[in-house]
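Heads up, the sequence shown is in our numbering, so the first residue is 1 and it goes up one at a time.
Simulated from the structure, these hints should not be mistaken for lab results. We treat Cβ as the ideally placed atom computed from N, Cα and C, and that holds for glycine. Hints should not be assumed to be uniformly reliable.
[Stated by the list, open to error] Pairwise CB distance ranges, derived in the manner of DEER restraints:
no.: 1; residue 1: Phe109; residue 2: Leu47; range: 39 to 45 Å
no.: 2; residue 1: Ile205; residue 2: Ile230; range: 39 to 45 Å
no.: 3; residue 1: Val105; residue 2: Ile230; range: 46 to 52 Å
no.: 4; residue 1: Ser180; residue 2: Ala25; range: 30 to 36 Å
no.: 5; residue 1: Pro73; residue 2: Leu47; range: 37 to 43 Å
no.: 6; residue 1: Ile40; residue 2: Leu216; range: 33 to 39 Å
no.: 7; residue 1: Ser338; residue 2: Ala91; range: 22 to 28 Å
[As the list claims (entries may be wrong)] With a straight-line Cα cutoff of 25 Å, these simulated SDA-like cross-link-like pairs (lysine to any residue) come out:
no.: 8; residue 1: Lys382; residue 2: Arg228
no.: 9; residue 1: Lys90; residue 2: Trp224
no.: 10; residue 1: Lys232; residue 2: Ala22
no.: 11; residue 1: Lys206; residue 2: Phe221
no.: 12; residue 1: Lys82; residue 2: Lys232
no.: 13; residue 1: Lys77; residue 2: Leu59
no.: 14; residue 1: Lys41; residue 2: Gly349
no.: 15; residue 1: Lys232; residue 2: Gly242
no.: 16; residue 1: Lys214; residue 2: Trp224
no.: 17; residue 1: Lys328; residue 2: Ile257
no.: 18; residue 1: Lys306; residue 2: Leu317
no.: 19; residue 1: Lys232; residue 2: Gln115
no.: 20; residue 1: Lys266; residue 2: Arg80
no.: 21; residue 1: Lys306; residue 2: Ile256
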Amino acid sequence: MKNQKYKDYLYWGITAFAVIAACIAFAFLIIKGNSVRSGIKELNSILAPITYGAILAYLLTPVYNRYVNKSRPALEKALRSKKAGESCSKAVGTLVSLVLIIVVVVGLFWMILPQVITTINGVIESFPSNADMLYGWLQQLLADNPQVEETVLGSYEKGLLQLETWVTTDLVKVMSSVVSGVLSGVVFIKNLLIGLIVMVYLLNIKDLFAAQSKKLVYGLFPLWLANRIIEKFRFIHQVFGGFIIGKLLDSLIIGIICFVCLSIMKMPYVMLISVIVGVTNIIPFFGPFIGAVPSALLLLFVSPVKCLYFLIFILLLQQFDGNILGPKILGNSTGLSSFWVLFSILVFGGILGPIGMIIGVPAFAVIYSLISEWICSSLKKKNLSVLTDDYHGLDHIDEEKKTYIK
1 MKNQKYKDYL YWGITAFAVI AACIAFAFLI IKGNSVRSGI KELNSILAPI TYGAILAYLL
61 TPVYNRYVNK SRPALEKALR SKKAGESCSK AVGTLVSLVL IIVVVVGLFW MILPQVITTI
121 NGVIESFPSN ADMLYGWLQQ LLADNPQVEE TVLGSYEKGL LQLETWVTTD LVKVMSSVVS
181 GVLSGVVFIK NLLIGLIVMV YLLNIKDLFA AQSKKLVYGL FPLWLANRII EKFRFIHQVF
241 GGFIIGKLLD SLIIGIICFV CLSIMKMPYV MLISVIVGVT NIIPFFGPFI GAVPSALLLL
301 FVSPVKCLYF LIFILLLQQF DGNILGPKIL GNSTGLSSFW VLFSILVFGG ILGPIGMIIG
361 VPAFAVIYSL ISEWICSSLK KKNLSVLTDD YHGLDHIDEE KKTYIK
């Protein structure tokens, strides 16, 4: 009886401490939100090469494992040594993974850069004719409407003054932004190259890391809890792997469909627009809009009618993706409603940027699942229903009979 009393005190003490700590952390995030965000961004920039390497290693693990397992028996037989065969098979898997990622990156640049140069040249070349067309239209309009002419001339003079002000004051800021963008691109390439080196190391020592992690878990925690932790990590891997690989496959198919359909419609900049649409489609919910806006602006310079056709096509394509292709590939891999998908993208995107928008959905799905499992376990201990439908319109639960009063 005495031990039970101490256990109750300990339980309530831990609960009170956890609640107070959570309140303090929440208050700190609200009061020092900007400092926390800047600190997270600084930490992200420092860890960027390791992050890139870890992401690439995770994505390429199936490819690496496949070629290691396929080449190992033949190499062990040829070299007459199990150890040498294993080392060489790892080298084969690493080489194939490196070649694959380099081909993908170089291929993307090969598809995008020429199209970007062509687009810029096309806009520059068509600008004089478009300007002349606009000038002629304005001339005709002003000749027929003297009152409009006075208004337009006044706006024109104001526009000139604003342009002069912009050139003398804001142009330096724009140039600074351009230089900053170029430097960011250089830093990204540097981080990506270092990330490739990190990827190679992680692919070759991932089994050792997994074994050491399991050893650590079983050493620190009771056996039942250690088994639960490892089970949950397998669940996390299943959710993340299924979602990310499924989303990549979905985006690849969408990019190919976009390329074929735009080619049939004889749209300009087909390759560039298809790559933009395919890559941005990786981001759930907001991806289609992010990809459609710059693509539509490109087409607007060429033909407003083609821009309109493109927007209609993108709307139909995304309906196909959201209602047919996406569910077919991804299924209900996250188990989240549309609201929680939007919530997770906004929260993780605000904290981690574009990467957060991609991993936010599976990350929140894991958190949601763990909390849901904990709530269901607590309800079962109280002999209460775990079905959400039983709580619709609920007024209260009878404490003695455990009946649901509505």
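Cross-check of the supplied hints:
{"no.": "1", "hint": "Phe109 x Leu47: 39 to 45 Å", "result": "25 Å, violated"}
{"no.": "2", "hint": "Ile205 x Ile230: 39 to 45 Å", "result": "19 Å, violated"}
{"no.": "3", "hint": "Val105 x Ile230: 46 to 52 Å", "result": "35 Å, violated"}
{"no.": "4", "hint": "Ser180 x Ala25: 30 to 36 Å", "result": "34 Å, holds"}
{"no.": "5", "hint": "Pro73 x Leu47: 37 to 43 Å", "result": "38 Å, holds"}
{"no.": "6", "hint": "Ile40 x Leu216: 33 to 39 Å", "result": "26 Å, violated"}
{"no.": "7", "hint": "Ser338 x Ala91: 22 to 28 Å", "result": "46 Å, violated"}
{"no.": "8", "hint": "Lys382 x Arg228", "result": "22 Å, holds"}
{"no.": "9", "hint": "Lys90 x Trp224", "result": "34 Å, violated"}
{"no.": "10", "hint": "Lys232 x Ala22", "result": "23 Å, holds"}
{"no.": "11", "hint": "Lys206 x Phe221", "result": "22 Å, holds"}
{"no.": "12", "hint": "Lys82 x Lys232", "result": "34 Å, violated"}
{"no.": "13", "hint": "Lys77 x Leu59", "result": "30 Å, violated"}
{"no.": "14", "hint": "Lys41 x Gly349", "result": "12 Å, holds"}
{"no.": "15", "hint": "Lys232 x Gly242", "result": "15 Å, holds"}
{"no.": "16", "hint": "Lys214 x Trp224", "result": "13 Å, holds"}
{"no.": "17", "hint": "Lys328 x Ile257", "result": "16 Å, holds"}
{"no.": "18", "hint": "Lys306 x Leu317", "result": "16 Å, holds"}
{"no.": "19", "hint": "Lys232 x Gln115", "result": "46 Å, violated"}
{"no.": "20", "hint": "Lys266 x Arg80", "result": "59 Å, violated"}
{"no.": "21", "hint": "Lys306 x Ile256", "result": "20 Å, holds"}
The structure fails to meet hints 1, 2, 3, 6, 7, 9, 12, 13, 19 and 20 from the earlier list, while all remaining hints are met.
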